[in-house]
Amino acid sequence: MDGRDLILTNVTKRFGGLVAVDDLSLHVRPGQIYGLIGPNGAGKTTAFNCITGIHACEEGSITWGGEEIRLLPPHKIVQRGIVRTFQTIRLFSQMSVAENVMSGRHIKSMQKWWHGIIHTPASKRDEKDNWRAVFDILEFFDLEKYAAYIVGALPYGIQRRVEMARAMAIDPTLLILDEPAAGLNDNETLALIETIYRIRERGITVLLIEHDMDLVMEVTEYLTVINFGKKIAQGTPEEIQKNPAVIEAYLGSEDDDF
Amino acid sequence: MMKKLQQLGYPLFFIVMALLPVGLNDRWLAIATTFIIFTIVALSQDVVLGKAGMFNMGQALFFGMGAYTSAILNAHFGWPLLATLPVAILIPSIFGILLAGPIIHLRGDYLLVATIGFNIVFVQVLENNLGGLTGGPNGIFGLQMLTIPGLAFLQNFTPYYIALIALLLTLLIFRNLETSKAGRALHYLREDDLAAGSIGINTRVYKIFSFGLGAGIAGMAGTVYANQYSAVSPEAFNFIQSVLFFTIVLVGGSSVPGIILGVFVMFILPEIFREFATWRYFIFGFAMIFAMILRPRGLWPAKFGRIPKAFLEKG
Chain A
235 MDGRDLILTN
245 VTKRFGGLVA
255 VDDLSLHVRP
265 GQIYGLIGPN
275 GAGKTTAFNC
285 ITGIHACEEG
295 SITWGGEEIR
305 LLPPHKIVQR
315 GIVRTFQTIR
325 LFSQMSVAEN
335 VMSGRHIKSM
345 QKWWHGIIHT
355 PASKRDEKDN
365 WRAVFDILEF
375 FDLEKYAAYI
385 VGALPYGIQR
395 RVEMARAMAI
405 DPTLLILDEP
415 AAGLNDNETL
425 ALIETIYRIR
435 ERGITVLLIE
445 HDMDLVMEVT
455 EYLTVINFGK
465 KIAQGTPEEI
475 QKNPAVIEAY
485 LGSEDDDF
Chain B
5 MMKKLQQLGY
15 PLFFIVMALL
25 PVGLNDRWLA
35 IATTFIIFTI
45 VALSQDVVLG
55 KAGMFNMGQA
65 LFFGMGAYTS
75 AILNAHFGWP
85 LLATLPVAIL
95 IPSIFGILLA
105 GPIIHLRGDY
115 LLVATIGFNI
125 VFVQVLENNL
135 GGLTGGPNGI
145 FGLQMLTIPG
155 LAFLQNFTPY
165 YIALIALLLT
175 LLIFRNLETS
185 KAGRALHYLR
195 EDDLAAGSIG
205 INTRVYKIFS
215 FGLGAGIAGM
225 AGTVYANQYS
235 AVSPEAFNFI
245 QSVLFFTIVL
255 VGGSSVPGII
265 LGVFVMFILP
275 EIFREFATWR
285 YFIFGFAMIF
295 AMILRPRGLW
305 PAKFGRIPKA
315 FLEKG
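Heads up: the sequence lines are chains A and B, in that order.
With the numbering used here applied, the first sequence corresponds to residues 235 to 492, in that order.
With the numbering used here applied, the second sequence corresponds to residues 5 to 319, in that order.
What the hints contain is simulated information worked out from the structure, not anything from laboratory work.
Be careful, since some hints might not be right.
[Stated by the list, open to error] Covered by chain B, according to a simulated footprint, are these stretches of chain A (three or more residues, beta-carbon under 8 Å):
1) 304-313
2) 376-389
3) 400-414
4) 459-467
[Claimed, not checked] Facing chain A, according to a computed beta carbon distance under 7 Å, are these residues of chain B, among others:
5) Gly27
6) Glu182
7) Asp196
8) Ala199
9) Ile205
10) Phe213
11) Pro300
12) Trp304
[As the list claims (entries may be wrong)] Calculated pairs, EDC-like style, for lysine to aspartate or glutamate (alpha carbon to alpha carbon, straight line, at most 20 Å):
13) Lys379(A) - Asp446(A)
14) Lys310(A) - Asp239(A)
15) Lys313(B) - Asp370(A)
16) Lys464(A) - Glu292(A)
17) Lys346(A) - Asp360(A)
18) Lys313(B) - Asp448(A)
19) Lys465(A) - Glu301(A)
20) Lys362(A) - Glu182(B)
21) Lys464(A) - Glu452(A)
22) Lys342(A) - Glu275(B)
23) Lys310(A) - Asp405(A)
24) Lys342(A) - Glu293(A)
25) Lys362(A) - Glu373(A)
26) Lys310(A) - Asp196(B)
27) Lys464(A) - Glu435(A)
28) Lys346(A) - Asp113(B)
29) Lys362(A) - Asp405(A)
30) Lys465(A) - Glu293(A)
31) Lys379(A) - Asp360(A)
32) Lys313(B) - Glu293(A)
33) Lys464(A) - Glu293(A)
34) Lys346(A) - Asp363(A)
35) Lys313(B) - Glu301(A)
36) Lys358(A) - Asp197(B)
37) Lys346(A) - Asp370(A)
38) Lys313(B) - Asp239(A)
39) Lys358(A) - Asp376(A)
40) Lys310(A) - Asp197(B)
These figures come from a predicted structure and were not determined experimentally.
C-beta: ideal position from N, C-alpha, C; glycine also.
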């Protein structure tokens, strides 16, 4: 475990007049399973997009192990060990499962651009090493039998697993999961919980957005709840369940009923 | 059975191509040589359009730049054609990188228009006899062709076999590209640009890489072309040529057999049906339309799932 903290301080992201993330601060500690929850449209995914460099964030600061990463492009964020999955699965759908996972080895591979034109013994060795790593990860996710299948034709639950496998192929320090249980059935969700624990055992910090409250309450150690882009509560799952502001956000305030 | 055929495909293709000149008269030998050269250019177009998925409709520019580089160095500075080859690869490559830099972030259709613009500017520059070097609308002629020492009596066949060697080189590069990090990166960014960035691929660098590599291969084809005709002229590299290369990759599909098929359909069939002169483009126009409707990913689409066998058997 290389103890790096992800700290968001007063992060704000506007789209024109809309404030999608409003003055958000949170602190993810190494080795944690950290949850970010909130009702639909609360700005959770936007917050993730700010961390992973997909949106440039105008205000506030995002530091990773002390380094400011707020304005870095996505590929540079990945190089620093922060890797994400997407709420709507984004795989390379015409390619095979193994090739998809191989894409995660991209930044680990030692090959230079000119190895695309001429192979050397070193590049051939590197190629072999990376394929071996891919098959280790496929084994970890129990995906070996699908290795040669075109990923776009596989069931949804398996595609989710492939996307996580691809992220894990990068050897992340912090894994960001955007609604990993969306569209999964109960059995698949149970398997997912198991997988998240196994990922954490490898010393990887997990930050996740999730709608499935049972899953969140079960796996996370610490939670931040946001609504309309603003943080409304934080604490352990037990504390959050009792928090009146959270109950109001999820169930609507009592005044609305009349 | 199919697998065996695929394994034998390349050797068989090259054996047939190597023996082909024996049975051809001069006219058909010239057509066969052009066929090979256009295959190389179409493959170079495939690096950008098929693999990286960028709408580049200016590939004739780099083809022409290679041809003119060779022609100028040969005609004005007396370099032998073979010596001009490295320069004819390098200059289009550098231009490919420089031109791609500012436009690479453009979305599909915008990129397409920008590359058309480059192509048109390039032909204008050639026609206006830049620095007295490009020879204006007539181009440059009377180049010294490559000769193979001791085989002067086979001079007729030399351009053909030189083209074939160039094709072999291109296919070797293609094979290496497919089994390398750089080649896969191109596929990833075609499939999903954002996802590619989110797994750490510097999409900008690899897009520029594909332009540079495509331009270099096209430049090599340019030298071979200048050697075949011992002349170059602007109209061989205009926008319509770019459209044809673009169409070949779309109609054929982004695979080597698909592209060979595409070049055959677009260049050889018109020669075979010469008698129907005015009708042939009418028919090909419709053939293109139906190919796109019936096989939107091309006649012979790219296949994925190339995983080293050793790992598959284990799993």
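| Within 8 Å of chain B (C-beta), three or more residues of the stretch 304-313 of chain A | The restraint on the stretch 304-313 of chain A holds, since 5 of its residues have a Cβ under 8 Å from chain B and three suffice.
| field | 20 Å limit on alpha-carbon distance, applied to hinted pair Lys310(A) and Asp196(B) | value | Holds, at roughly 18 Å.
| 20 Å limit on alpha-carbon distance, applied to hinted pair Lys362(A) and Asp405(A) | The given pair, whose Cα atoms are some 17 Å apart, holds under the 20 Å limit.
| field | Lys310(A) paired with Asp197(B) [C-alpha distance capped at 20 Å] | value | holds (15 Å)
| field | Distance restraint between Lys346(A) and Asp370(A), which requires alpha-carbon spacing of 20 Å or less | value | Violated - the C-alpha atoms of Asp370(A) and Lys346(A) are around 24 Å apart, more than 20 Å.
| message | Run the distance test for Lys465(A) versus Glu301(A): straight-line Cα separation, threshold 20 Å. | response | Measuring from Cα to Cα gives roughly 23 Å; hence the hint is violated.
| message | Just to be careful, I want the Cα atoms of Lys313(B) and Asp448(A) compared with a cutoff of 20 Å; is the pair within it? | response | Distance ~43 Å between Lys313(B) and Asp448(A) Cα, so the pair is violated.
| said: Tell me if the interface restraint on Pro300(B) is satisfied: Cβ within less than 7 Å of some Cβ in chain A. | reply: violated (13 Å)
| query | Would the pair Lys464(A) and Glu452(A) pass a check requiring their Cα atoms to be no farther apart than 20 Å? | reply | With Cα atoms ~24 Å apart, Lys464(A) and Glu452(A) exceed 20 Å; violated.
| said: Given Phe213(B) as an interface hint, is its Cβ closer than 7 Å to any Cβ of chain A? | reply: holds (5 Å)
| Going straight from one Cα to the other, do Lys313(B) and Asp239(A) come out at no more than 20 Å? | violated (41 Å)
| message | Does Asp405(A) sit within 20 Å of Lys310(A), going by the straight-line distance between their CA atoms? | response | Answer holds: Lys310(A) to Asp405(A) is near 15 Å, not above 20 Å.
In the structure shown, a violation is registered for the earlier hints numbered 4, 5, 6, 11, 12, 13, 18, 19, 21, 22, 24, 27, 28, 31, 32, 35, 36, 37, 38 and 39, in ascending order.
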